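For chain L, the structure is supplied; the task is to place chain C on it using the hints.
Respectively, the protein sequence lines represent chains L and C. Be aware that the first sequence starts at 1, since it is given in our numbering, and climbs by one per residue. Be aware that the second sequence starts at 369, since it is given in our numbering, and climbs by one per residue.
I should point out that these hints are in silico values taken from the structure, not numbers from a laboratory. A portion of the hints provided could be inaccurate.
Stretch by stretch, here's where chain L covers chain C in the computed footprint (C-beta under 8 Å, at least three residues) [as the list claims (entries may be wrong)]: (1) 461-471; (2) 478-489.
Straight-line alpha carbon distances no greater than 25 Å define the calculated SDA-like cross-link-like pairs of lysine to any residue that follow [claimed, not checked]: (3) Lys363(L) <-> Glu403(C); (4) Lys363(L) <-> His445(C); (5) Lys363(L) <-> Gly574(C); (6) Lys442(C) <-> Val283(L); (7) Lys363(L) <-> Gly412(C); (8) Lys363(L) <-> Arg448(C); (9) Lys363(L) <-> Ser411(C).
Nothing here was measured: the structure is a model prediction, and the numbers come from that model. Just so it is clear, CB atoms sit at the ideal spot from N, CA and C, and this is done for glycine as well.
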Amino acid sequence: MLAIIRTNLLRRFTRTLFTASGIAVGVATIVALLAFTQGLKETAAGFVHLGGSELGVFQANVSEPTASVLPQSIVARLEQRPEVAHATPLLLVVEGLKSDASAIVFGADPAGFFTHNLVLTGGRRPATGAPEVLVGDRLAAQLHLLPGSVLAISGHPYRVAGVYHSGVLFEDSGAVLELAQAQRLTSRPAEVTDVVVQLAPGVRASTAARRIERSFPGTQVITDPQQALRVGANGTLISKAILVIVVIALIVGAISVTNTMAMSVIERQGELGLLSTVGWGPVRVASLILGEGIAVSVLGAAAGLLFGVIGGSLLVRALGVSAYVSPSVTAWGLGRGLLVGVAIGVLGGIYPAWRVTRMRPLKALSAT
Amino acid sequence: MSAPAGAEVTVEGVSKGFGRVSALHDVSLSVSPGEAVAITGRSGSGKSTLLALIGGLEQPDGGRVLIDGRALWKDLHPARARREVVGFVFQRHLLLATLSARANVEVPLIGAGVRRAERRRRALALLEEVGIADRAEHLPSELSGGESQRVAVARALANEPRLLLADEPTGALDSTSSERVLDLLFRLREELGMTLLVVSYDSSVGTRADRTVSLIDGHLAAADGALFQHR
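Next up, chain L with everything else stripped away, as it sits in the complex (with noise of 0.2 Å):
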């Protein structure tokens, strides 16, 4: 049977790509949105564990983590509970480098845990009050940025004091400013964006945070990439938007391969009634037409899987985020493309299939 669904779909070469190629995209656009979502959980994981923490309080109900805002005085009252041992506050910029609109910039207290952990691999850490930057390796390399040269920040000159190596992608590409000067260049005195915690010893994280959320209203404990990615609210709105793209390419998919296959039924009357004739039951016949519309959808799938995983790396780059979203292809992306592009074959093949079960031999043999 195989042979023959080969044949089929080679004798139609033209319909069948064009009906693959649109399952294609479909699928395409899947798997790069899903290697987008698990680059941007990648980066969340760093974004929870900046500096080595172990939680991160933030601003409840914000559109995205970036955008919040807590009051400085937080910290010295984090920092008197008995389940935190260290709490550091930071200031994040974000655009702030005109050079790569990508990377941002942290305003980090120097006597706090974030700057302390920073391995310097080159210059020195900045004078306390002097126009002075650290800039992560990453950035240094891309900005060809070496100890003494200028960098501008939302229009101010800072001056290279160091180059950083934190292991975290989007710490490594971007800068760290003094929390005082990055609260006065951004007008936000006595504002944070966040603080970033680490626990006092034998305590849990997740027993940390309901206690913190209780004692400080307003505010969100960020412990896991996954919850960090629900409190954004762009990041809730790229796995809806996931969700929906999946819906339609389904129900796009299923149309088109639907038509192709009824188009086919129509056309192969004569055919499909001889198979008939010479002895395939109605299931057998049916499962011949399931299995071109199976098979038109796996080829469409596979090209959709590679174009996929070259349309995430796009995908970043388009949006500008390349810098800390790192687009990440796992088996499961890929596997869910797939399954996509089966469902759509099952789905559109049922209705052509079915109206094979119902073909009287003698009418499908008149119609050749």
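Here is chain C on its own, set in the frame of chain L:
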């Protein structure tokens, strides 16, 4: 090739209409195992419809068709009957254009779930049997009408049927090819012991068959043209 015994066919008071047109009316017929029966009649007399009902391609409105005592549509599913008992040859060869002669003969065997190597072996043996083995890998477009019809006969024999139904098998052929195809059908019937029902305008079919029955406007007629009255 093994020689399957012929099937017994019993048609009991069968009627069939298409919309307002009555194609067959209360037709009864018995065909013994191994018998060759020619079915004649004018165009529109119901010959092809009778063959379609015997082969389970259509369901009768009234009456029943029994093959070896089993009622089609009730005791015997028509698709199974066509897979295991009945072979069809039509006026047009109806070969699948994109498949070779051999692959066309293999089609019924795919339906019967025969494995690939065995399919190939049987198809080649059948093409040898109908004298066209040297054209096995040719497409239908590369075969003459007579050759194509011989491939169609080989396809009809693929599942080793005990009942061969031929609906004007020479209707689209020239006289020489017609003779060859009829020679082939009746020779195979002799060798294999099949029951053979042939619908034909060709008078020579009647002389080769054991018996001839005629249809007139959907009624079975006696040799002298008088209508049989079914009890």
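Given hint Gly574(C) paired with Lys363(L) - CA-CA distance at most 25 Å: 28 Å, violated
Pair hint outcome, Lys442(C) versus Val283(L) [Cα-Cα no greater than 25 Å]: This hinted pair holds, its Cα atoms lying about 18 Å apart.
Distance restraint between Lys363(L) and Ser411(C), which requires alpha-carbon spacing of 25 Å or less: Given pair Lys363(L), Ser411(C) holds - Cα atoms ~18 Å apart, limit 25 Å.
Given coverage of the segment 478-489 of chain C by chain L, checked by CB-CB distance under 8 Å (3 or more): Result for this restraint: holds, n = 3.
Claimed coverage, the segment 461-471 of chain C by chain L - three or more beta carbons nearer than 8 Å: holds (count 5)
Agreement of Lys363(L) and His445(C) with the hint, judged by alpha carbon distance not exceeding 25 Å: Status holds; Cα separation ~19 Å.
Restraint check for Lys363(L) with Glu403(C), where alpha carbons must lie at most 25 Å apart: 29 Å, violated
Restraint check for Lys363(L) with Arg448(C), where alpha carbons must lie at most 25 Å apart: With a Cα-Cα distance of about 19 Å, the restraint between Lys363(L) and Arg448(C) holds, given a limit of 25 Å.
Restraint check for Lys363(L) with Gly412(C), where alpha carbons must lie at most 25 Å apart: Cα-Cα ~16 Å, so holds.
In terms of the numbered hints stated before, the structure departs from hints 3, 5, listed from lowest to highest.
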